[in-house]
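Protein sequence lines correspond, in order, to chains A and B.
So in the working numbering, the last one in the first sequence is 110, and the numbering has no gaps at all.
So in the working numbering, the last one in the second sequence is 345, and the numbering has no gaps at all.
Simulated from the structure, these hints should not be mistaken for lab results.
Given the structure is predicted, the values throughout are model-derived calculations rather than measurements.
Mixed in with the good hints, there may be bad ones.
[As the list claims (entries may be wrong)] Label-pair restraints from in silico Cβ distances:
(1) A/20 x B/179: 51 to 61 Å
(2) A/38 x B/46: 35 to 45 Å
(3) B/112 x A/78: 36 to 46 Å
[As the list claims (entries may be wrong)] Chain B is nowhere near these chain A residues, computed Cβ spacing over 10 Å in every case:
(4) 31
(5) 60
(6) 73
(7) 94
(8) 110
Virtual Cβ for every residue (Gly too), placed ideally from N, Cα, C.
For reference, the chains in residue letters:
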Amino acid sequence: MDTYYHPHDLGKFADMGKGNPDLWEKFMAYYSAVFAEGALTAREKALIALAVAHAVQCPYCIDAYTQGCLEQGSNEQEMTEAVHVACAIRGGASLVHGVQMRNVAGKLSM
Amino acid sequence: MGRTLAIRRLPLASALTQRQLLEAPAQRPRFCERMADAGLHPLHATGISVLQVNVGKFCNQTCRHCHVDAGPERTEQMSADTAEACIRVLASSSITTVDITGGAPELNPSFRRLVRAARALGRHVIDRCNLTVLTLGPQQDLAEFLATHQVQVVASLPYFQPDQADAQRGEGVFEKSIEGLRKLNALGYGHPGSGLALNLVHNPVGAFLPAPQDSLETRFRRELGQRYGVVFNRLFTITNMPISRFLEFLLDSGNYQGYMDRLASAFNPAAAQAVMCRSTLSVAWDGTLHDCDFNQMLELPLAHGLPRHIRDFQLSTLERRPIVTGNHCFGCTASNGSSCGGATV
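Put together the whole structure using the sequences plus the hints.
Structural data, given as structure tokens:
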């Protein structure tokens, strides 16, 4: 079945370095540093990445960080809770804009 | 409980079928090519410090990831004569460690003879235990036997929660495993200073690499301690090998190519340098010799005219032997490495 996103295209990510190797290397060095063990553990960072992947709805990131979380020893409950965090923030972000709606409506209404 | 490939008479029960699949042309580099790039081809042994004795395929469990295709209906068992041949090799060599595996090795009639003899020779003995065997009626004295002979127990427990453990090892296995662990703890196993080492083994419950060993060990220690009051010494992370029933899972779930790509892309030259086959000799239930338990299951014998049976053991010709490798070896060289003693780097 043809589809816009092909899971195997994730393997071509490094091809993005062909247009500008210097920027690619800078990005990858930064990326590696971000995900290294630090004040947060690599496992915690992978769970954050999984949540963000769902917030930005990147299918490649969801594939990569589902596997990444499993390879850091996380389980389905933890990963599901991470997705709920993304969901809550996205939902909350919509709902909190209701304040803008109420401000505007209040101004316009008698 | 699942059933073995052998009893289902599946083509994959054949080691030849497995080898043909593993060695079929693919987009990724072959294992020997990656080893050559790392300056490690051909791979050679550096000595023999461990005699790993696989006493047979009989087991009270049928785990989904089992590379042995072990199970209750398997009848392959090491004979008393072959066990004696292993003991003679120990007596005539300086091999320091005997690593007894299976199947459930404790269910072999020669298991206790092997343990007693190896201990009498002053050798370190490891029992690769599935834990539930400790709860079987006829094995009620097994834990005490292991403690009396100061056998190191290396016990399979893939996760600290029941769902994951049972998904891999069978319904109800986790609960019985905890019962087995408590028996061992009660005898002193896993307690600092007891001299009774209890190490756990984590195999991933699926088609992915194990977590970093140290961080996972910390979580296992916390969770098993808080939830069940269980203590242990070390956690060994072991990568699932694309062999036998785990290979069946990979194929049935559509994960085979992705998993092999993952293993190959995570090839680590430092892990390749530290593979356990370089310091281990593996003996099968029928006495045949192999470079490791995985080669044994793939029916890959020792190479280049070397002795093929334990009765023909000759340290001088075996300790620097060339090692037979294949694409399945990517399992031991991926990421942090994998061995019977866990991560290697």
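Status of the hints after comparison with the structure:
1. A/20 x B/179: 51 to 61 Å: holds (60 Å)
2. A/38 x B/46: 35 to 45 Å: Given about 37 Å between the Cβ atoms, the range holds.
3. B/112 x A/78: 36 to 46 Å: holds (43 Å)
4. 31: holds (16 Å)
5. 60: holds (14 Å)
6. 73: violated (3 Å)
7. 94: holds (34 Å)
8. 110: Given that every Cβ of chain B is farther than 10 Å from that of residue 110 of chain A, nearest at about 59 Å, it holds.
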